Structures are given as structure tokens and as C-alpha cells.
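Asks: Protein sequences, first through last, are from chains A and B. When we follow my numbering, the leftmost residue of the first sequence carries the number 1362, and every step to the right adds one. When we follow my numbering, the leftmost residue of the second sequence carries the number 1362, and every step to the right adds one.
Think of the hints as simulated: they come from the structure by calculation, not from any bench. Since this is a predicted model, take the numbers as computed values, not measurements. Be careful, since some hints might not be right.
The list that follows gives simulated cross-link-like pairs (lysine-lysine, BS3-like), each with its CA atoms no further than 30 Å apart [claimed, not checked]:
1. K1764/A x K1464/B
2. K1578/B x K1614/B
3. K1765/A x K1614/B
4. K1764/A x K1747/B
5. K1747/B x K1638/A
6. K1614/A x K1624/B
7. K1551/B x K1464/B
2 protein chains.
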Amino acid sequence: MAGRAALEELVRLQGERVRGLKQQKANAEQIEEEVAKLLKLKAQLGPDEGKQKFVLKTPKETLTGKYGEDSKLIYDLKDQGGELLSLRYDLTVPFARYLAMNKLTNIKRYHIAKVYRRDNPAMTRGRYREFYQCDFDIAGQFDPMIPDAECLKIMCEILSSLQIGDFLVKVNDRRILDGMFAICGVPDSKFRTICSSVDKLDKASWEEVKNEMVGEKGLAPEVANRIGDYVQQHGGVSLVEQLLQDPKLSQNKQALEGLGDLKLLFEYLMLFGIADKISFDLSLARGLDYYTGVIYEAVLLQTPAQAGEEPLGVGSVAAGGRYDGLVGMFDPKGRKVPCVGLSIGVERIFSIVEQRLEALEEKVRTTETQVLVASAQKKLLEERLKLISELWDAGIKAELLYKKNPKLLNQLQYCEESGIPLVAIIGEQELKDGVIKLRSVASREEVDIRREDLVEEIKRRTSQPLCIC
Amino acid sequence: MAGRAALEELVRLQGERVRGLKQQKANAEQIEEEVAKLLKLKAQLGPDEGKQKFVLKTPKETLTGKYGEDSKLIYDLKDQGGELLSLRYDLTVPFARYLAMNKLTNIKRYHIAKVYRRDNPAMTRGRYREFYQCDFDIAGQFDPMIPDAECLKIMCEILSSLQIGDFLVKVNDRRILDGMFAICGVPDSKFRTICSSVDKLDKASWEEVKNEMVGEKGLAPEVANRIGDYVQQHGGVSLVEQLLQDPKLSQNKQALEGLGDLKLLFEYLMLFGIADKISFDLSLARGLDYYTGVIYEAVLLQTPAQAGEEPLGVGSVAAGGRYDGLVGMFDPKGRKVPCVGLSIGVERIFSIVEQRLEALEEKVRTTETQVLVASAQKKLLEERLKLISELWDAGIKAELLYKKNPKLLNQLQYCEESGIPLVAIIGEQELKDGVIKLRSVASREEVDIRREDLVEEIKRRTSQPLCIC
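Use the sequences and the hints to build the structure in full.
Replies: Listed below in C-alpha cells is the structure:
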């Protein structure tokens, strides 16, 4: 029943928090340093606040300087005490802050929660101002590309399971981009802003992007042309090997490191059986400032049939990369914790699933209820309550209609509508015989089961794995 | 592995959202009415906003007038566009708004999410300004007390499973309180504020509460005394029956309805096997304005041994009740959807669990990993990656150390520390023989398992139910 799932979620939350808190206590001293920094802000609050041992606030400063040109989309807020706050823009920066404040050097976790962007919403493409992200990150000092490969494996695993059609994961490396900018002649000070321009190549043509680089950002046209020769290339591991032979690029230390790591990454992805989903794409740049190594982005591929129809236009559905410097920005002593992770855009995926289901006219089952406890005659509410309590106590997900004397037909109809596979029917004769009639909703078959065997029989019949449609 | 749990959560979110959106589309017209109301606020935004079909905002007005005297704790915010917003105070009011805007007349759901209160935090008692609530609610027009009884069953089920010690659920009914106030001579206009005073009886003595009623709120002392005679009573179903005989109270229509429902509720709770956890307590009032019928609150009981130590002092850990008027406040035509539900204070419960574990020096397992894929010699990273990929694809929760050549001892130690029960060890000999060595971390026993049987063997050995400690 619903209580069970809620409980499991609670247990999970608890585990995470116990770990965090223990660490917090052990490092109360370090936290005091943070407290000092925030005292100016806290002074605006009541006198009681000064006594607290823990820093509870994540004020606006936490978010500034991490998102590059996207910073304008941060939702700034001022509370009735005049304190400057912001709503979180993503789950990555808060995760890095959490690691630094709790001195965690090593953790693997997922997190599903809401984030906020003060952007123009576009409902049909699943773009909202308040939306869910599902993040998975691995933090810690490890041997190269092993956690990175796991992130890509998870991304492919999730996207495959959701049955949203064929997809491709574009992969690149910030060091290759930086090396490329250097050998093409981009001044150091323009690396980030030119990176933002390159990032637009998934939506704009090369001509448009070049115009922005030259016209708006003052890059020399010949420099832009050299960039153009590189960023229009994409391919598999063979492109990595080809660029490792590139006379200019292979002379750049940064680019060489990036290419070496990508080669290793492709080896691991082959072993994980997902190399065919991956495309090394030199135009992939990712706008956010905090990436330092491998970056990736999953895009859906349209089948020829779909391409003829209205395009879905959801753009990327998942993305991420390596950010080795972010945790250090929050640590008073600048200690680094290398991280790699991914974010999945939940609403974007939902909008695709919804369109697909609408096209197929399929029904989504919204509950996990295994059995409806029903009655064949009137005046059996007490018996239904007693039986459902037995089933709940045994861990069965059971429901009943909240009516004193529901008609059997209505009870069966409810199961059809909500996709409940089994009905446990109580009748006067069954009570006398010590049995329950167990009905399969799909086949309409009914069998008498001895009451003491009912739990096992329901478990046996509903042990199939979870299905989303 | 972690991707699987995240996926299941995604699937659940998706189901909820698909249901919501379908309803939304069917009722686009009704939503237009809401749009009109909000146009004044929306006018402050850019011209693009006017084109939207859906109302995305839940501005400050949504929250005002629902929480009584607690309204002062709402976190008001103003964004950089000057729009007035608030952070949600609980999950109940947003749930009611969601039902009204989507014209849902009937739903059962749980929701775990953060809420915000601009109160004085108290870390040791698990009181924060940002905290999690876990809510469960049943909305719809049903026969009396069946969903109410289910809510109490779920509350008891969750609190029992969390092993936080013995607890008691206090139950009362707003109609009994109102009837009692009426026959005691409280003026109609003072019902809500006197209700707030009564609600303080769990922390303050009767004398203090009486002083507030008479001194601050201007109640006649003899009226307060009459209230005192009632609110100091508590008991089981026999107290309900006794009050049904009370010559004054039984003459009040409201009180009579409340008492009749409580009697029925006790019958159902008996069938659910939880009547011994329930206490009818006339001092329970619940501060929030929106309750209309049965109300309840779970408090932990201290054992004699605990009472001698530092008191835990977490107060109530779960509470709720019936709120039949709240959805109607958000419906343009005032159509009502009766609701009953409960909230669990997640951090309060965590603080108790943490104290208990600290006292027992127990370790909390923070992952669900079933098996670690390990190697006995060097140069087996590729084989580890291949095997873990096979296990992940078969739905096994598996991990490996992110090192090229980890020592076997370190791999075993990692399992001990993180509570992973099994190790699948690859060695050169095992590869030749087509087997994997499966080691039980607890017993240190090792058995060679044929590679094709490994998934089944791991599933068989790790099919025990979830345990929180």
C-alpha cells in the first residue's frame, strides 16, 4: 500500500541524512568558519539566531559565478526580512556546496528535486520555470574515466528503459575545446564566451554562430573559420584517433589529455555495451562555467516516420560532465573534490512520453495496487476492513472502495479503470467456508483460496517487474 | 543499482503528472477563469507571458487565509520582477489548490517534499526553517470515516515500522470543539482564537491557557472554567459514549455529529487492530484554520527509563485531519471536495532515530547495493567492467571500486564498511573455469558459481525485506 512506498522513501532520506549529520558533527569547527562569513547576513535576523551551531542558509552568493551567461536566469528573491536569497538553478551547485560544508571527499548519490529558472516557458516542449531534475553524481579521487563511464552507462540505461525512442549521446571534453581555441588563436579571455557561442550549434547554423563570434564577440574571421573546421566534425573512436594525429592539436597539452581520456572512455563504453550510442562531437560545448573535463548530452533521434509529422522539438533530454573545481570554490581552504555527474530533464521526458501515449491511445497505470478487497453482498464492510488490514500488515498493496455497501459490478469496474490486476472477493458463503474468492481482472477467472494462503497467492501472482505502460 | 531506484521514482512522478495533465486539458476553459484573476499580477511580466494556456504561478494569495494565527510564519518573497511570492508552508494547501485547478474530485496520493516556515529553528529537536514533510491524503465524497480510519492506520503503520518507540495518537473533532465552545458560552467570533489557545495545552498548563483566554482574549472566567472541565478529559470509546449522554453537549447538533462519527471511527480502528494506540483527547485542537472534522496528532511516549534521561522533547511527530472546505476555496464556483490526510515531520523523526542509533552505537546502512564486483589479481579492470554491466542489465544493484588495480583486501574492507552483503570475485583461474567466486561478507564463505547462474544466486541470497538498521 501507499504507506509502504512512502516509508521506503523515508528510510532512504534518513540514511542520506544520518551520514551527512555525522560528518557535520565531526567537523563543527570548520563550519564555524562559514558561520563567521555569514554573520553579516545573519545580523538582520532576531537575536536568537546567533546561538545556532549550524549554518542553515544558502544565500544568493552560493549561486553567483557558477553558471556563466546563464546566470541571468537565476530566480533572485528578497524575504520580508530583506535577506537576499535565490531559488536553486540546478542540483549540481547545491551538491558541491553540501560536499564542501560537510567535508565529504567521496560519495555517490541520486537526487530528484525541483529547480527554478526565470526563463520563457514553453509548455509543449516541456520547458517550465519550475521543473524537476534527476541528478546522479560520483564525487571522489579515482582512476581516470571509470566513474565517467558509469555515468554514461546510467544515462543510457535510464533513457532506454523509458522507451522514448532512439537516442544519441554526444560527448566532448572541455580540455579539447580549450586546446582547440588556443591553437585556433582565440585570446584566453574569450574562451568562455566563445564556448557559449559554440554551444548554440545544436539550434543555430554555423553561419549564425560565426556571425555572433565575429560580429558580437569581436573574433577575427580567420580564427572563427579555423574553429569552424573543427566543430563541424563528429564521429566515433576513430575521430579521437584521427585528432590524436592532428599536428597542431596533438601539440597542445590540454587537448592531448582530453583526447587520451576520451580514448580510454570509449574502451570502457565498449565493455558496457553502449559505444554505439555515443558520438564524439566537437560542437558540443555546454554553456555552464563549471565543467572541466568530459561533457555529454543526450538527444533523441527522430525516426523517418516521426520526422514527417510535427517535430517534437524537446532538444536535449539529459546532460552532464566532469566538474573538478566546483567543490573547491566552497571550501575555505580550496580543497578540491573531483566530480562527474548527469542531469535528466524530467518534464522534457514526460512531454515525450505523453505524446507517445496519446498517439498510441495507451493508458498509464498510476498506482501499484495489487488487489482490491471487494464484497459480493451488502453488510460486509467490517469483513472487508478486517481482510484489508491483514493484507496491509503482510505488505500487500491493497485498496477498497470507501463505501459501506458497494455493488460488486462497481468494484470490478474500478479495477478495470485503474489497472488493479486482482480482486479478493468476500461473500457470506466464502466466510462460512474459510475461503476468499480471488479473481483475475484480465482473464475473469475466479478461484477459491484458503484465507491463510491468500497473501502467498497474491504475492506469487503479482511478482512481475514494474512496467511503465 | 542507483539508476533503477531513480527510474522507479521517475515512473511514479510521470504517472501522477499524466493524470493531472489529461484532466488539465479537458478543463482548459475553467482554467481560463483563473487566468483572468491573475492577469493583474501577470501584467508585470514580459509580453510573451500572455500567450500561455496554463497558469503556472501559485502566488502569495494562494496561501493567505488558510493557516490562522500561524500565517505569520509564511516565508514571503519578492522576485527581481517585483512579483509577490511565498514559499509553501505545508503540502496540504498546495494539494487542495491542485485539485481545484485540475477539477479532480477523487484522488489518493502521498507526497514527500520540502516546506518552509519563518520560525525559530531548534536543531536538536529537529525543527528547521526548511524541512521535509511526508503527506498522505484521500480526497473524494465517500461514506463516513472509512478514509479517515485508513489515514490513522497508515500513521500507525509508518510510526510502528520506524521503530521510534511507543506512541499514542490523540483524536478529536473540530465539530465537538465548536459544539463545546457554543454550549460553554464562547461568542462565535472567538471560536478560532480560543481553539488556538486550547491547542497550546500540550505544552502549557491549564492555568496558563486559561490566563491567555481570559487575560489576552477577553473570555469571561466562568466560560473558561466550563471549557476547562471538558478539555481536561481523555479516554477511549467509552468517553465518546459518555459524552453522547452529556445533557448539554448531546443537544448541540455539531457536537452530536462529531461524537457519532468518532464512535464509528473507533469501530473501524478496532477492525484495523489499532484502537489501543488511539486516545480521544478533548484538548487536541490543531491550530490550522482549515480543519472541519476529525483531527489527530501522534506523540511519542517515553519509557520510564527514558524519562530519567534528557527528554527528547520532539513533541508531535505526525498529525492531520479532515478538511472539507479547503478545495472549494480555490474553485471559482466553490465546489467542495471533502479531504482527509496526515503529515509526518520527517526531520523530527530522523532526530529521534539518530539519538536512538547513537545510544545503541548502531551503524546505518546507506546503500542498497547487493554485490561488489571485485578482482583477485591486477589487470582485471576490463573483466570487472564486463561483469558489472551484465549484473546491472539483469537488475542487480552492483558496485565496483573506481580503481584500475585495487587490492582484494581493500575491496573486502569496503564491503564491511558500507554493509554490502556479497562480493563477486573474478580471478584468472575463475575466468578459465567459467565461474565467479561468490563471497558472503558476514560468514566469509566462498563458493564458485557458474557465470550463467550468478544473477539468480545473487537474487536468491538478497531477497530479504528492507531493514532500516
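Asks: Could you run down the list of hints and mark each one as holding or not?
Replies: Hint by hint, here is what the structure shows:
no. : hint              : result
1   : K1764/A x K1464/B : holds (22 Å)
2   : K1578/B x K1614/B : holds (26 Å)
3   : K1765/A x K1614/B : holds (24 Å)
4   : K1764/A x K1747/B : violated (55 Å)
5   : K1747/B x K1638/A : holds (17 Å)
6   : K1614/A x K1624/B : violated (80 Å)
7   : K1551/B x K1464/B : violated (34 Å)
Of the numbered hints stated above, those contradicted by the structure are hints 4, 6, 7, listed in ascending order.
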